[in-house]
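Please model the complete structure; the sequences and the hints are all you need to start from.
Protein chains in written order, with my numbering: chain A, 1 to 724; chain B, 1001 to 1199.
No wet-lab data here; the hints were simulated from the structure.
Straight line, CA to CA, 30 Å or less: simulated DSS-like cross-link-like pairs of lysine-lysine:
#1 A/K462 <-> A/K414
#2 B/K1057 <-> A/K181
#3 B/K1048 <-> A/K181
#4 A/K189 <-> B/K1057
#5 A/K404 <-> A/K653
#6 A/K190 <-> B/K1057
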Amino acid sequence: MSKAALRQATREALANTSVCSALGKFADNYVIAREQAYRHKDFEGLRREVARIKREAAERMEELAIQFSREATRRGATVFRAATAQDAREYIARLAKSKDIKTIVKSKSMASEEIHLNEYLKEQGLEAVETDLGEWIIQLACQRPSHMVMPAIHMSRNEVAEIFSREIKEPVEPDISSMVKLARRELRKKFLSSWMGISGANIAVAETGTIVMVTNEGNGRLTTTLPPVHVIIVGLEKLVPRFTDIVPILEVLPRSATAQHITTYVTMITGAVPAVDPNGNYHEQKELHIILLDNGRTRMAGDPVFREALQCVRCAACLNVCPIYQLVGGVFGDVYTGGIGTVLTAFFTDPQKAQQVQNLCLGCERCRDYCSGNIDLPGLIGELRRRTVEKEGMSYVQRVIFEKVLVNRRVFHKLLKAASRLQKPFTREGKIRHLPLFLAGLTEGRSLPAIAEIPFRERVDKLPRPGRVVDRVAFFSGCLVDFVYPGIGESVAKVLASLGFEMLCPEGQTCCGYPARQVGLTNSFTELARQNIAAFENINARYVLTACPTCAEALKFLYPQLLADDPVWSKRARWLAEKVTDFSSFVFAHREKLVPFMIPLKQKVTYHDSCHLKRRLRVTGEPRQLLIDAGAELVEMTPAALCCGFGGSYSIKFPELSRSVLDRKLQAVLGSGAEVVALDCPGCQMQISGGLDHERRPIRVMHTAEILASCIAGTVQVQDGKNN
Amino acid sequence: MALNKELLPDRNRNLEQLYEEFVTRARALGTEVYRVSDLAKARELVVKLVREMGARKVALAESPLVTALDLAAAVAGAGAEVTGGNPRERAGAADLGISSFEMAIAETGTLVQDATEIDQRLVSMLPPAHLAVVSTRRLVGTLMEAIYSLAARGQIPGYLAFISGPSRTADIERVLTIGVHGPGRVVVIFIDEGGCAGE
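In structure tokens:
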């Protein structure tokens, strides 16, 4: 898949409003229902337990496969180890042909999707009928499932009625209940006449040779009971050591997948059980074949980084909460979709496709909070990107920007100054509304702020200072504060001054490097990390403060990770990380000194949670309390915690997607009735104020620092969205 | 099998509390729940339910509890017929399937059955309605207790069925619809005394 093809596919998906609205509606309800399902449950504890079990299983994969095979065989099953998709497909076709079986009933199985079993069987002259309602619809429509748990979520009842009409050659009314009855009637015929059933598995227990399946419709039970020959396809990653390991997995899987406490049917099959064939003959033991599928799993288990992906229990929560998946559905992945889908695609189905698809990740990190297997999905996608760049390289222009310009502080800053002059023809009231030619996408549906004429670094000498210095704080400005929103930096200085802190701005600091990491250029990221660490080492300050959560994340969490193996730099990175804090948390800790100086704001303010502040720094209450202290009337927006869609260079790569995510945010903002949107991230500020400006909405977007500064008596003027 | 003894079912847990919890959870899923004091009362209730449902043909899965209840007589008493033939025919032709369960899980409203025998599986799957009988004493608190108690048996049964409510789907436009492949109606009768399932 080429870059252009991916862009095209995302555009088509965005144009399909029924998909967007079905996925979006589901996603909003999902979060609330899931919360309800986890009441009285310790999700964090459960997922740590799941991660522990699955990690152990990944480390002992081969040993568990041998144990499972032995136990299942002892109970009457035939176990086949399939190294590749082809091995598995051939085994099944051979088995069917050897028994002269023509029709096979199938219960939902992602592993069979992964090995493209249905097409293969069709080529071999065999008919495999999907019996899960959603899967059957998809099969009749000649499509692929767009969601792991809800395969036909992208279709409307009218489309389903059309598909059914074609199948039974009679008009079918688009009435859901009668269509479900139709499916029951048609598929029951297939169940009763089939001699072979194929199912997947959710868990395979090595200790007992048990296969666990969760379903709601009951087709899984029929598939595994009626035909006298039963084939189970199970990926090696479904193995767990002990029977009791089922418990935590079964606790999280339905809760995270569909917000159910348990699915209607949980079936545990241990070996071959009795069956009655379509002719009415009783078989003491049916024929049970279990295919243990490798197809890239051993390779994944052997990879020190990607092994973590084997902790996945396929609940699809990462899809359900992904703002991009909500817009484009199945385009985000191959057989497996969403965050985990990107990683699995790289190993199990189509590495080429995965290289493109991983770019769709916005980096909001929301999936990590919801993952039932406690997987650092954003981290794995970042690693995928890094390896892609390492292997495939990147465009000349990008390379120059990141490897020559960004890491050279002087060149970078000169270039930005030049840009500030060049943009003049396109600038009005401090905003760029339209950009020429190839840059047009950037301002599609969004105004951009202009680059400041005088960057923050040249205003340092004139910053407000405290009357009496109680302590010193070093400020990490980051690119956006430095070159786009110097006003935020000035506001920070003013608030700190009123608290008695002197603000120092080390000259050697530069971009935090997050954008370089985002495009997979680890070397540039490392170079920038070292420059910044060195710059702050020379400053005698107790704290290092940032007004940008992404910079804070880089300094506090990513630098120590990045430099962990470097004997000299790892210590220096940890030294810096210790001192780093975000603006709101810092001021929150000293707020009793601030309150007496404040002139109450008396405005309706809604707060936007920036992804990296909420998800990495775990800061949500502090800025809200500060706003209340400042006399704001705080109103929450619904749904809360939506990403604004900025994602740094993402907004350049996928302007339509970025804009569509922004649209949902703007709706929430407007719905709150607030006069001011407060936030703690200049990136989000750029995105949200750009969107509001484009729609000519007179709502101000301000950094918490700007709001606090404006409430302090003897105020410097805070200007909305303007740069100087 | 590694086993944490503290997690085994606590027989002293308040049965009334467990029952209340089960009722709340199971009804939320669409299961109809009844409770009777003894076998005779259970038999009367079965007769009444078969009549109310208007079931003409009833499939039975044999078990000690089903025998103790003398359900064949009860079905006949309700004016219905116990289906015959091979297990597929018996279950396939029935309006109602009746089988006994050996455990009930309060926190999820789940019924647990050793369904290794094919009769057990078919009567709870093929007919449009399913009636389950279970001894009240077999209530456990949590899924964890149920699975640890199964693990403690040593040999895991060949086919274990955990059933929580009627068959359901939401695959078309996320609209919940009952009774897609399995029964659309699930009724459970708890029997306080004389129930011998699994003993």
